[in-house]
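Construct the complete structure from the given sequences, taking the supplied hints into account.
So the protein sequences, as listed, match chains A and B.
For the first sequence, my numbering assigns the number 1 to the initial residue and increments by one for each residue that follows.
For the second sequence, my numbering assigns the number 1 to the initial residue and increments by one for each residue that follows.
Do not rely on the hints blindly, as some may be mistaken.
Claimed, not checked - With beta-carbon atoms standing in for the labels, derived distance ranges:
#	chain 1	residue 1	chain 2	residue 2	range
1	A	Gly-163	B	Ser-162	57 to 67 Å
2	B	Pro-265	A	Ser-211	23 to 33 Å
3	B	Asp-16	A	Thr-220	32 to 42 Å
4	B	Arg-181	A	Thr-143	48 to 58 Å
5	A	Lys-288	B	Met-310	42 to 52 Å
6	A	Thr-143	B	Pro-265	42 to 52 Å
7	B	Asp-16	A	Asp-272	33 to 43 Å
8	B	Gly-158	A	Phe-175	53 to 63 Å
9	A	Ser-211	B	Arg-40	52 to 62 Å
10	A	Met-104	B	Ala-68	46 to 56 Å
Said to hold, decoys possible - Computed far set for chain B versus chain A, every beta-carbon distance over 12 Å:
#	residue
11	Asp-204
12	Arg-229
13	Thr-316
Calculated from the structure, these hints are not laboratory results.
For each residue, glycine too, the CB sits at the ideal point set by N, CA and C.
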Amino acid sequence: MPYDSFMTNLLNNNYHNDYHNKNNIHFSTTTTCLPILQIMLSLSAAIDGRSKTTKGVYMQRRDFLKFSTLGLAGSVTGLGTFLSWSPRANAATIDQTFYITDGMRTQADGIDVWFQAYSSTSTGLDYPAQSMIVQEGDTVNITIHNTLGTTHSFVIDGLVDSGDIPGGTSTTVSFLAGSAGSYLFYDRVNLPYNRLTGLHGGLAIMPKNSSNEIYAGSPTFKQQLFWLYNDIDPAWHDAIRQGRTPTSKFKPRYFHINGISARPPGSTNYTDPTKNAFYDPRSQISGKIGDRTLLRVLNAGMCVHSMHWHGNHLEWITRNGQPRAQIWKKDVIALENNMGKVDVIYPFEPPPDAWPPVTSGQQYVMHLHDEMTQTAGGGLYQFGAATLIKFK
Amino acid sequence: MGGACYVYPDSPATPDRVTPDVTFERTIYMNGSVRMDDGRNITVWGFTDSGGGMGGMGGMGGPFPSPAIRVREGQIVHTVLNNPGMMWLHTIHHHGIEPSTMNDGVGHTSFDVQGTYTYQWRAAHAGTYFYHCHTNTVLHAEMGMYGALIVDPPEGPGRVFSGGPSYDVEAIWACDEFDSRWHNLPWDAATCGGDAGLNDLNPDYFIITGVDGNRSALTAPGVAVTMNRGQTLLVRYINAGYYPQRIRFGGLTGQVVSSDGRPLPAPVTVSEINSVSAERYDVIFNPDSSGVYTVEIEYLDWIDGSVLGMARTRITVN
Ligand SMILES: [Cu+2]
Ligand SMILES: [Cu+2]
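What follows is the structure in structure tokens.
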């Protein structure tokens, strides 16, 4: 049975119950246990350069602050940051090209896991895809070159379905950008396997002529990010890479936000925004008081999650594409599995319980509270699905 | 403490320290035990109230869950964490309370407490919260290192929040699941890597506020509720586990008036609530007929939504 809709009891007057159930995946719950460790490389050699801290050589807080400054510097160069958007009075035609590619990604414990992705270049591996932002009424043309030998597709529920794109072929799909909101594009072939192994990305449709609303008349924001969550069971990725249908029970060992995990102070690549979700500019929330930040949260994975933010309560605006009947202020918000989605706003108000009051120079975590997700490979706490919130 | 990785021990002075309105003293214990209905004793860790001069190393274990922290809106609070010796590291994170970074109790954005640290914060919003350790959190919270944190309105207990509903009877249900296999791990398990199975929680016990929900919680004092018709009951429901839960109120209908320490714009009528880890819901009941209502909490698999187990308690209306 798919995970039941959350809070239907509380909010069903505004929730279209069949929307999500339709998109839930019925998957095998066979308990045949495929030996996951079989596919592991040498674990001992694998832990990438962690600092083996023993008594006396613990990293001190002062060192941490030094690291964090470096990390911040790294995050503001090179990769761009919040989704940028300038509203237009008129509809436009947007052309985008994706290459379906595959490759290996090294996880926090050194294990290489296979992914496939809608990449921006024929040689890249953009897992998840670079997010897209358009405006209601725009015509969107997407050309997909399938560089792999396997059949794939490009689907946005309610907007477009490419049908099969056989290996080695290309296709172009066109669609009219419909209702403003946050959408997952994904590969429906071999559902959910191709989606899980990386073929997904986010599309934002802005309301016509608006730069600060989720939908016309919604609460407003100043900056916006896409957060795509995924749960990784390397045994499944290995099977799918080999063209097999996974037969083991799904047991995720890595947990990603926008394709990577967090890494704590003292770890190798701590300051690398391409490897550490704490400093990934696609994920990190940074701002001054009043920099209300919209998070468009999509779950490409198979696990229900509990998202928890420190520093501020969030305004919970939409759930599975529907504006909520009441906007609640929450420090925990449920994210349903198999393409569940929410739009939430981190308001950047002064942290209410600080004494004396503070307005800047603070950093907090966003992490999943189903704490299994804060690990990699069954351990390595803090190498999971988390990012940082910075009060500049 | 040998092989711990990615921990940040420190015991700085509290910045901008002021005289608090109220102080709570907490000391670590790591040799607690909970007796389950099947006769097994499961190891738990937690915080003792060391405010009465009974602090120290907690050789006798301690209460599970840890003693509640209860304050009034507007109060400046000191939570003193005593973690003497070099044996292990812990913190206190006041979940849902939003203080400065230094007082947030998250190891990797500030420090893990080795020695003593005084967390300073001011309770801004009445409501239901909880506090828990944030060091190797995946393990430490599972081991039971949490307690209720209630912020009453300035006028004190009896009203959920200023201008909100009043209540005569109060229940705090912190619903948690144990995977007993995890309960023999060391405090720093797998922090340097290796596979301790911390990605895979297979719960075998289901608990309401420290009591086995199999049988004991049906009647346990402090968990099961007895009230009279005409009285108002406030249930402070805390998902203190990791998996999603569904709580059914045994046929009673209640009003959710606040969640996560914030009033809802308007109350919402419920007979059951689905929650995810660390959510809190404050539900008001005014039962108009006497009877025994069996409350069921189902613990749901995070992948397929199947029911992994159930805990039960009762509301008896006389
Ligand atoms: Cu701890
Ligand atoms: Cu918490």
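Against the structure, the hints:
no., hint, in the structure
1, A/Gly-163 <-> B/Ser-162: 57 to 67 Å, "holds (59 Å)"
2, B/Pro-265 <-> A/Ser-211: 23 to 33 Å, "holds (26 Å)"
3, B/Asp-16 <-> A/Thr-220: 32 to 42 Å, "holds (34 Å)"
4, B/Arg-181 <-> A/Thr-143: 48 to 58 Å, "holds (51 Å)"
5, A/Lys-288 <-> B/Met-310: 42 to 52 Å, "holds (47 Å)"
6, A/Thr-143 <-> B/Pro-265: 42 to 52 Å, "holds (45 Å)"
7, B/Asp-16 <-> A/Asp-272: 33 to 43 Å, "holds (34 Å)"
8, B/Gly-158 <-> A/Phe-175: 53 to 63 Å, "holds (57 Å)"
9, A/Ser-211 <-> B/Arg-40: 52 to 62 Å, "holds (59 Å)"
10, A/Met-104 <-> B/Ala-68: 46 to 56 Å, "holds (49 Å)"
11, Asp-204, "holds (16 Å)"
12, Arg-229, "holds (25 Å)"
13, Thr-316, "holds (24 Å)"
The structure agrees with every numbered hint stated previously.
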